[in-house]
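75 is the number of the first residue of the sequence shown in the numbering used here; add one for each residue after it.
Everything labelled a hint here was simulated from the structure, so no lab data went into it. Among the clues, some could well be false.
Simulated crosslink set (DSBU-like; lysine-lysine; CA at most 35 Å straight-line) [said to hold, decoys possible]:
no., residue 1, residue 2
1, Lys144, Lys238
2, Lys108, Lys172
3, Lys144, Lys108
4, Lys297, Lys238
5, Lys203, Lys144
6, Lys219, Lys302
7, Lys172, Lys257
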Amino acid sequence: MFDVFGTVVDWRTSIIQECEALGTKKNLNIDWSKFVDEWRAGYRPAIDTIRLDGARWRILDDLHMEILLKLLDQHSILLSDDEIEYLNKCWHRLNPWKDAVNGLIELNRMFITATLSNGNMSLLTNMSKFAGLPWTCILSAELFKHYKPDHEVYTEAASLLGLKTNEVMMVAAHKSDILAAKKCGLVTAYINRPYEFGDYFVEVDQIAESIDYWASDIESLAKQLRPK
């Protein structure tokens, strides 16, 4: 099971490109890299209002929209309702990292592959079609009405597949996923995505004890998992 944003798709570059295209069309002088980083920065606080503060459940599309509307107001950007809706759906149109499709094809020869993302079902379905991601199945936090890293997401996903948690591997580029999955008894694989946020960074040293497999990309992980 794969985390998707950052692990499988390059969300930041994809969304910056869409925003820049909008800026050119609307003649907007905006630092779009900063805008996109601010949009993403609102993600964790938004899901924590649900996970920790008891706010009503909303799908990720709705949370993205709430954050986007605030940013448009802060930056004095005027768009039509259709333009806002289209911009918010850019999260459905993310490009894969160059190793992702071939890596998943190889893994599909050996295993079931599935998303396990905080993205909602329609988002993940549209993204998979757009990016050509050959998942065996799509699993979403929406199915469980919990957001990662809540333990219910990991354990109930394994149950849906008819598997024990130790028969499932969580593949992610983020420490919170790795730590939470390991705590639930899943095998863990870390994919190194040092340029997810633009500038180079390394997170792996903080979670070394929780990693069963370390890979530079998904193709590398598939090679490690081939039967000897």
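Here is how each hint holds up against the structure:
no., hint, verdict
1, Lys144 x Lys238, "violated, 42 Å"
2, Lys108 x Lys172, "holds, 24 Å"
3, Lys144 x Lys108, "holds, 14 Å"
4, Lys297 x Lys238, "holds, 24 Å"
5, Lys203 x Lys144, "holds, 29 Å"
6, Lys219 x Lys302, "violated, 40 Å"
7, Lys172 x Lys257, "holds, 31 Å"
Violated hints, in rising order: 1 and 6; the structure is consistent with all others.
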